[in-house]
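Following the hints, put chain G in place on chain V, whose structure we already have.
One line per chain: the protein sequences are V and G, in this order. Residue numbers are given in my numbering: position 369 of the first sequence equals residue 419, and the series is strictly consecutive. Residue numbers are given in my numbering: position 246 of the second sequence equals residue 296, and the series is strictly consecutive.
Calculated from the structure, these hints are not laboratory results. Keep in mind it's a predicted model, so treat the numbers as computed, not measured. Any given hint could be a false lead.
A pair holds if it fits inside one copy or across any two, identical chains being indistinguishable in the list.
What the hints assert, rightly or not - Subject to a maximum C-alpha distance of 25 Å in a straight line, what follows is the list of computed BS3-like cross-link-like pairs (lysine-lysine):
#1 237 with 81
#2 261 with 371
#3 381 with 130
#4 316 with 306
Protein chains: 2
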Amino acid sequence: MSASLKIIPNRLIDTIHHTSKWGAKFKWGAKDTNTGMCRLSLSQDEKMVRDWLVQETQKLGCKVKIDEIGNIFAIYSGLKEGAPTAIGSHLDTQPTGGRYDGILGVLSGLEILRTFKDNNYTPQYPVAVVNWTNEEGARFPKSIMASSVWAGVSDINDIYAIESITDEKPITVLEALTSIGYKGDTKACHKTNPLKAHFELHIEQGPILEKEQKDIGVVTGVQAYSWIGINLRGRAQHTGTTPMDMRADTYLTAAKIAIVVNNITKKHRGLGSVAEIHVSPNVVNVIPDSTEFVLDIRHTTDAGLQNIEADIESEVSKIIKGTDVIMEFKKLFHNDATHFNNECIDIVQECATNIVGSNKTKKMISGAGHDSCSTTNAKVPTSMIFIPSKGGISHNPVEYSSPEEIEKGFKVLLDTVVTFDSKRTD
Amino acid sequence: MSASLKIIPNRLIDTIHHTSKWGAKFKWGAKDTNTGMCRLSLSQDEKMVRDWLVQETQKLGCKVKIDEIGNIFAIYSGLKEGAPTAIGSHLDTQPTGGRYDGILGVLSGLEILRTFKDNNYTPQYPVAVVNWTNEEGARFPKSIMASSVWAGVSDINDIYAIESITDEKPITVLEALTSIGYKGDTKACHKTNPLKAHFELHIEQGPILEKEQKDIGVVTGVQAYSWIGINLRGRAQHTGTTPMDMRADTYLTAAKIAIVVNNITKKHRGLGSVAEIHVSPNVVNVIPDSTEFVLDIRHTTDAGLQNIEADIESEVSKIIKGTDVIMEFKKLFHNDATHFNNECIDIVQECATNIVGSNKTKKMISGAGHDSCSTTNAKVPTSMIFIPSKGGISHNPVEYSSPEEIEKGFKVLLDTVVTFDSKRTD
Numbered sequence: 051m052s053a054s055l056k057i058i059p060n061r062l063i064d065t066i067h068h069t070s071k072w073g074a075k076f077k078w079g080a081k082d083t084n085t086g087m088c089r090l091s092l093s094q095d096e097k098m099v100r101d102w103l104v105q106e107t108q109k110l111g112c113k114v115k116i117d118e119i120g121n122i123f124a125i126y127s128g129l130k131e132g133a134p135t136a137i138g139s140h141l142d143t144q145p146t147g148g149r150y151d152g153i154l155g156v157l158s159g160l161e162i163l164r165t166f167k168d169n170n171y172t173p174q175y176p177v178a179v180v181n182w183t184n185e186e187g188a189r190f191p192k193s194i195m196a197s198s199v200w201a202g203v204s205d206i207n208d209i210y211a212i213e214s215i216t217d218e219k220p221i222t223v224l225e226a227l228t229s230i231g232y233k234g235d236t237k238a239c240h241k242t243n244p245l246k247a248h249f250e251l252h253i254e255q256g257p258i259l260e261k262e263q264k265d266i267g268v269v270t271g272v273q274a275y276s277w278i279g280i281n282l283r284g285r286a287q288h289t290g291t292t293p294m295d296m297r298a299d300t301y302l303t304a305a306k307i308a309i310v311v312n313n314i315t316k317k318h319r320g321l322g323s324v325a326e327i328h329v330s331p332n333v334v335n336v337i338p339d340s341t342e343f344v345l346d347i348r349h350t351t352d353a354g355l356q357n358i359e360a361d362i363e364s365e366v367s368k369i370i371k372g373t374d375v376i377m378e379f380k381k382l383f384h385n386d387a388t389h390f391n392n393e394c395i396d397i398v399q400e401c402a403t404n405i406v407g408s409n410k411t412k413k414m415i416s417g418a419g420h421d422s423c424s425t426t427n428a429k430v431p432t433s434m435i436f437i438p439s440k441g442g443i444s445h446n447p448v449e450y451s452s453p454e455e456i457e458k459g460f461k462v463l464l465d466t467v468v469t470f471d472s473k474r475t476d
Numbered sequence: 051m052s053a054s055l056k057i058i059p060n061r062l063i064d065t066i067h068h069t070s071k072w073g074a075k076f077k078w079g080a081k082d083t084n085t086g087m088c089r090l091s092l093s094q095d096e097k098m099v100r101d102w103l104v105q106e107t108q109k110l111g112c113k114v115k116i117d118e119i120g121n122i123f124a125i126y127s128g129l130k131e132g133a134p135t136a137i138g139s140h141l142d143t144q145p146t147g148g149r150y151d152g153i154l155g156v157l158s159g160l161e162i163l164r165t166f167k168d169n170n171y172t173p174q175y176p177v178a179v180v181n182w183t184n185e186e187g188a189r190f191p192k193s194i195m196a197s198s199v200w201a202g203v204s205d206i207n208d209i210y211a212i213e214s215i216t217d218e219k220p221i222t223v224l225e226a227l228t229s230i231g232y233k234g235d236t237k238a239c240h241k242t243n244p245l246k247a248h249f250e251l252h253i254e255q256g257p258i259l260e261k262e263q264k265d266i267g268v269v270t271g272v273q274a275y276s277w278i279g280i281n282l283r284g285r286a287q288h289t290g291t292t293p294m295d296m297r298a299d300t301y302l303t304a305a306k307i308a309i310v311v312n313n314i315t316k317k318h319r320g321l322g323s324v325a326e327i328h329v330s331p332n333v334v335n336v337i338p339d340s341t342e343f344v345l346d347i348r349h350t351t352d353a354g355l356q357n358i359e360a361d362i363e364s365e366v367s368k369i370i371k372g373t374d375v376i377m378e379f380k381k382l383f384h385n386d387a388t389h390f391n392n393e394c395i396d397i398v399q400e401c402a403t404n405i406v407g408s409n410k411t412k413k414m415i416s417g418a419g420h421d422s423c424s425t426t427n428a429k430v431p432t433s434m435i436f437i438p439s440k441g442g443i444s445h446n447p448v449e450y451s452s453p454e455e456i457e458k459g460f461k462v463l464l465d466t467v468v469t470f471d472s473k474r475t476d
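Only chain V is shown next, with the shape it has when bound in the complex:
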């Protein structure tokens, strides 16, 4: 297979750094490349990198489709007609993001097409690089946004109306798409604009591969997760004048809940945390009459997540009982566990074993959601490849994976795509 395809060393990493000029920010080290990124979805900086991607893929002879939610499909022809085998991810970043999250996935797709071209290689069927709009949900508060429209999970008009939260004067998704010229003509629909498969190379964003000294994560799915908003109302009282037994201290209640959530999720071998919390009036000598926070709970299985939620509801009720604190419990977001396609997983495992050795690979579940969840929802055979993240850090300017780690990930992706294509009989 791709063993015969010559790879140009360092071109992928050079491309990552070259295109980071559109949004580079937060310098943290001596080298020019030691920066983070702020390339918000549908911003001017993101328009620049989109334009560049379109040009680069057109230079390779690709046909480029832009759909009505701004997703870019750059399609490299195969020997036969058919739905493309896609390599997709996103070019937008968090406001204080890094150079790899999402970007690696799109640019390694481009690098595959460039490698085909260099080698005068024509796949059996078309191969596409896909840039999905607003995966981060940072500018427009809906993550995995445009791939979920394409998958038929979200309604396009609902999505068009979402307003930005990072602009002084909020604008809608539709206005932003129009303003940068990326509201395309292609219908955002997995039925009329189908893909045959979807592969996504991504940084782990966690510490497991690094800690276990593995090179490649063979990702079998994405864990289930829920965000639950808890609003507590009590009484604003003077800390110096209110006896301990006459208080309705919402912050103390919130602290107890945080600990219970921690214990319960550990018991069920899930993940649970409180990371967003708003205390009011937030003054040293006034007991907070309002504390609002969000629980983030996750489990590899849907049943496991349900057990955690049930235990939390029951334990939290016990904490509230007998106090003057009033609680509102609100499910803000829920995602069932995603199971990737077995054939795709097996191809990744086989290619990774060939390249780094089976002892350097690890079957794992993704902790975070990705556009690959949308393609799975659209019943497109999908899987992901992870490479290590230094210190497990992501969504942060110091997010880092080494050129060597990136090269290994790219080789596995290239082999996976070529293998999948070669096995296609449609």
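Quick look at chain G alone, frame taken from chain V:
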């Protein structure tokens, strides 16, 4: 004593509401008087009520002294010369304050002088109403500010340099004093501008009198308290991708500390809370790498407070131990317990017993600090009188004490001042 002094019913409460026009804000009920107050220290609104107080006391024949930190001393002559018996408090409020905190103390002093005048009563020795500058510490972040300068506890030049935190363009105390014409000529000094005694009528700001159905709190002192800043540093990690045992979760640590502080202070019969907390980045799916908060701990005795602090340090160290969270522990503020003058306390108790009956009085410790702490520091015989606060609420627009409660408090204050004066032999 004052049993012979005729009181004009409702004049004090009418004066409270009349002068609330300078700063009235946050209407919460149907009546015109159903508002809170925003009358920040040395603001234009506070200048108006100061000017009015000076005029009203001058109409009564008072000699008015303004000291160099803006404290107002309006002195009503007695039959003999001597340091005045003072009735003092403050006319400034919190940004979202009520109509009674501080204001009641100053205006009841004025009402005593008016009552003297109505009755053609001349005390043995001078009696003064005192308005202390910036008790709240809301505009200039130093509470009990100007009385502590007068008491020799704070240095005037340090205080002059404090910048406002509520103005868009911060100005210093000195600039604010000058701009409203209240940097007076009198030295701010308890030695050169002495008082013979200091009485302060104040709302309780807590729920105890109301709950126990008492009319008058005979205040014997102010509890000791400390504010301790705790800064925690951990790692910002993705909540979905970071195993529970690889986290350095500063918020979880902070929650554990809040619960330990609650348990320890209850064990020692003190008060303890966390009410101000700053979590960063404060995003639902990023474990906070920074959590900063302030402990507010109080006890009626200095030894009790020390025991609480020692237990907290030891228990918090245990929480931190073995984690990757780093802690900084910083004493931000400390106030020893204040013990008021026994003779003054006894006079208040005697007068309160005569007016409301001993079963309607309660000896109590003030939970909050007051200007009476400064006069005690200056070795001026001092005590305070509390009246009930509805729902224990203060520093809030709905802060409320009824006209009947205010009248009872005023009568006790009047009797106390007359009794103290009549006992004086200097």
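**Study point:** Violated hints - listed by number, lowest first
**Key:** 1 and 3
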